[in-house]
Structure formats: structure tokens, C-alpha cells
Amino acid sequence: MKILVCVSKAPDTTSKIAFTNNNSSFDEAGVNFIVNPYDEWYALVRALELKEAQGGNVTVLSVGGIDYEQIIRKALAIGADDAVRIDAPESDALSVSTHIANYAKDKGFDLILCGKETINYNGSVVPGMVAELLDMPLVALAAKLDVTNGVATCEREVTGGMEVLEVNLPAVISAAKGMAEQRIPNMRGIMAARTKALEVVSVENTTATTSVNNYELPPAKSACKYVDPANAAELITLLHQEAKVI
Amino acid sequence: MKTIVFAEHLNGKFTKSSLEAVSYASAWSASVGGTCIAITYGSIDASVLGTAGANEVWKMDALSAADGEQITKLMLAAQKESGATAIVLSQDLIGKSVAPRLSVRLNAGLVSGASFLPTGNIVKKNVFSGKAIAHVTVNSEISIVTVLPNSYGVNAAGAACPVNAFNAEVGTARVRVKEVRVEESESIPLPEADKVVSAGRGMKGPENWGMIEELAKELGAATACSRPVSDIGWRPHHEHVGQTGIAIRPNLYIAVGISGAIQHLAGVNGSKVIVVINKDPEAPFFKAADYGIIGDAFEVVPQLIAAAKAFNATK
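If you're matching them up, the sequences are chains X and D in order. Numbering-wise (my numbering), the first sequence opens with residue 1 and increments by one. Numbering-wise (my numbering), the second sequence opens with residue 1 and increments by one.
The set of hints was computed from the structure by calculation and includes no laboratory data. Note that the Cβ used here is the ideal one computed from N, Cα and C, for glycine as well. One thing to keep in mind: the hints can contain errors.
Said to hold, decoys possible - Residues from chain X that keep clear of chain D, each with C-beta distances beyond 12 Å, as calculated:
id	residue
1	Q54
2	R73
3	K177
4	V200
5	V201
6	E204
7	D228
What the hints assert, rightly or not - With a straight-line cut-off of 30 Å between C-alpha atoms, the simulated DSSO-like cross-links for lysine-lysine are:
id	chain 1	residue 1	chain 2	residue 2
8	D	K131	X	K221
9	D	K124	X	K16
10	D	K2	D	K16
Stated by the list, open to error - Label pairs and their in silico Cβ distance ranges:
id	chain 1	residue 1	chain 2	residue 2	range
11	D	A310	X	G30	45 to 55 Å
12	X	K244	D	F298	39 to 49 Å
13	X	Q70	D	R201	33 to 43 Å
Work out the full structure, taking the sequences as your base and the hints as a guide.
Structure, rendered in C-alpha cells:
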């Protein structure tokens, strides 16, 4: 089975969120970038498990500049066989998806896996766009994935329960928590990653249909109001009379 | 400007997030003097979408379930027929399957997870898991917006509206639904709840959740939990809120015995009012809280249950 896993970079969860250039760009100073957790922990690890059980090849793909290489090496260290970096700015979701689809369209991938969203943009958009561009079905937010004889079986959370879905491959599947468990790369994997193939693909720029004008920080929270634990009942009064939420 | 908005329903009722999307679409089109058409399917009384703000409803009776590709084709046909230049969906499961496909087919800019109404061609959305807001410019003739659930209230001031039959060639669904397992529960589904009582490892064991459930019941709230608690199996996974679980934005979030790791905060920082109960005064969650009680959950929660009962008796 040929599997493509799309990985994005994201600032570490503990990063300070600040902006520069008149609040028009994210301040990357001192920020540690990681592989977007949904892409790494769930999509990539499940792809590796499927390959280990059934044979095949796992390719990781990123759209971005040279600063993506450490992210891609991490994915290779975890166990991907080879990697592709499409050398283009991450302008908007439609541009990124177009680059992914243009690369993937004649490569014969059986399965394209993505994380359900990035933790910095929270869009949940690229998997659906890639599916449409490649005329493939999409299962969004799958928490379980198995593949038997060219058919993927997925489970996902729906309001009040779980849903079991089946789809013939090739398909695009976006991964939510539960699909796999995080893997820590070992020294052998890290060494092997240095020599694995990383293809850099040059592409024409695309026109973005959306662009971020500027960012703002949410209004600061007012200080916490403490209630005496010996008189906890006062909280109910405050929630009713002051906060007006009950 | 004409706006079309997709409305999803479950068990004979429109979902709360769909009604929010209809109210959002209605306010958006009204702000520029346009009309709002809600698009839906199946055998449901759709005139109620008028109360959330739709001017009319177009319904495809022959379609019985919401498949991503079929709803995409339905929305494309509705866009073509109406000439709509604004398309709204909820950022729920079906919205996440349909909006990206529409964006590709119409070459239209998509802003996903908007929490505020657009101003001109600028739409604001939360980014960095709620730690910042981006002002996104849409550069295309048609704009598509998905609305973050629980961020835009349902405006139910309207009246029932006319429902017209609408048919489109929607093809067949390639994703097959094999089974739906609805977990027997009287509690409120977490993503739709406007009050949530959540607890963490400070509860010491699953046998102590009775008081959390009782407090939730008295407040009309759903129950939730932190990641460690669902990972060790004290509570079901679907109750896990946080970065890798579900993100919620209730009006009231009460956290009992949860320290407030940054990953947990990322899933709840959109809550309107946050109450933190923890015996550790240094718990980072207090920094994000509106109200705090530094105390032992096993002493504080029973007092809250009694107070909530007394409060309910006065209503």
C-alpha cells in the first residue's frame, strides 16, 4: 500500500503567541517549531502501523520553505520511508492543497492521510480540498482506521456516539485523537533519517484566495475572583447574579 | 447579496450549530441588505429555520442523509440557482467535509471557524487554539465562511418561513455508513452544552464521579474530563476536552481538580466564564479563571450541589 502523509509545522504548544510588522505576521523569535501533533501522532504513526502490518511505503509531504527540513527529518526519524518538500510559501489552504494534489495526482497513492487540523490555524480545510482536487472520497476526523482488501473502515465521534464508515481506496482520511499513539524516534531512526531521500519540488506560485491581514490578541482576562472554600455556596449566587450564566 | 447556508439535522431536529450558522448567515446578509436562503434535505419541518433568521428554505426531499460529496453538489446547485455570493456552513463534521470542496469548485476564499460577523471582505477567526484572532481578507468574488460552534448565538426572533422544494443531481455517496452507535445517555452532548462541569485527576478515582455528575445535573450541565482521566480509562474518550480532545466554548465551564495544563486550556479558553476548583493555589488554571475556589473538591463540591439545589428550588 502506498501512503502519503501530509505534515505541517506548528509552534510548540507552550510558545508565546506574539506578532510583528504591525501585527501582520507571527513573531517566530524564540519559537520552537514541532510537527503538527495531529499529523505526527495520529496520521503518520497509523500510516507506519499499516505499512508494518501489510507492507508498502510511507511518504511524508510538506509544503514550505527550507525551514521545513528539520520537521521532515523528524517524520523520517519516526519511520517514514521518504519525503517530499514542495518549495512554495504556505500562503493559504487552497494554494497548499493545490500543490499537494498536483504532486499526488499521478503517483498512485492508495491512501492520503492528514491530521484533522493544525494547532496554529485550526482550519480543518486541507484534507477536504485535496479530496476534491483529486476527486477522492474523504473521511474527516477518523479516530480509528483499518484497511482490508482496498477498503478503509473508519470510526469517528458523532454527537452522542460513534459512527462506523467504509470507503473504497484511494481516499483521503483526516486523523483525530485515538487513531494511534505517539512514537518517540529512537537513535537508529534519527541516524537513518539523515540518509533517507528528501525530494525538493519547485512549483509555480498560485494565487491565494484568502490572506491574513493582521492578528490581534484576545482581550486580557480580568483577575480571578476567589470564593472562600468554607462558604462555597456563594459561588452559585455569583454565577447567577454577577456572571448571569445560571 | 444573497447568502446560502446549509442546515444539518439529527433525529428530527436541526442541530444547534446549524441554527447558529443560519443566524450568522441571516445577520450577514441583513447587514448588506440581502436575503438568506437555508439549504437542507430530507423529511423534516424546515419552516422553523425561519425563526433562526432564514428568509426562505430550499429543501431536497429525496436526499435522506448528509454525505459530504452529495451536500457539496446540492450546495453548488443552490449557489448556481440563487447566484449567492456568500456561503455559510457550521464548522461541524459535515461543514468540514463540504466547505473545502465548495472552495475548490468555486475558486472561492474560505474562512473556517469564524467567530465574528464579516466586515466588508474581512472575516475574523480564532487561531493558535484561541490564543489569537486573525483578520482574514477574502480575495474572491464568492466568500465561504464556516462558523465556529458555540461562538455565535442563535437568534430565534424570526418567524416560520416558506419552504420550497429544490432538486439537484447529487450522485451517489462513496462513503458508506455501516453503523451508528449512539451511547445511551441522558446527559447533554458536550459540544452543544452551554454549561459544562469537568473534572481531572484530583478526583482520585472513577468511583468519585458521582458528585461531578450530580453537580452537572443540578446545573443542567454536561460532564467532561481532562486528558489523563480519559487516557487511564476513568471516563470515556468522548468526554475529553483539550487540545487533542474536543474544543468547547460553553457559557460556563467549571473545572474540578484539573491543574490547567496549556493543552487543556487550548480546548476551553473560549468559554465565557471559567470556574476553577483546586486545592493547589499554584495551579496554572487559576490564571485563566474568572472565579476560583482554593479547596478540596470533596468538601467544596457537596456544598455547591446543596447550593445549586436550593437555587433551583427558588426558580
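Against the structure, the hints:
No Cβ of chain D comes within 12 Å of the Cβ of X:Q54; the nearest lies about 21 Å off, and the non-interface call holds. Distance check for X:R73 against chain D: the nearest CB is about 24 Å away, which clears 12 Å, and the non-interface claim stands. Against chain D, the non-interface label of X:K177 is violated: not every CB pair exceeds 12 Å, the least being about 4 Å. Residue-level check passed: X:V200 sits 26 Å from the nearest beta carbon of chain D, beyond 12 Å.
Residue placement check: X:V201 keeps its beta carbon more than 12 Å from all beta carbons of chain D (closest about 21 Å). Every CB of chain D is more than 12 Å from the CB of X:E204 (nearest about 16 Å), matching its label as outside the interface. Non-interface call for X:D228 relative to chain D: violated, since the shortest CB-CB distance, roughly 8 Å, does not exceed 12 Å. Restraint check: the Cα-Cα separation between D:K131 and X:K221 comes to about 12 Å, which is no more than 30 Å; the hinted pair holds.
Of the pairs offered as hints, the one joining D:K124 and X:K16 holds, with about 21 Å between alpha carbons and a cut-off of 30 Å not exceeded. For the suggested pair D:K2 and D:K16, the alpha carbons sit about 23 Å apart, so the restraint of at most 30 Å is met. Distance hint for D:A310 and X:G30: a CB-CB separation of about 51 Å, consistent with the stated range 45 to 55 Å. At roughly 29 Å, the beta carbons of X:K244 and D:F298 sit outside the given window of 39 to 49 Å.
For X:Q70 paired with D:R201, a C-beta distance near 34 Å keeps the hint of 33 to 43 Å intact.
Hints 3, 7, 12 from the list above are not met by this structure, while the remaining hints are.
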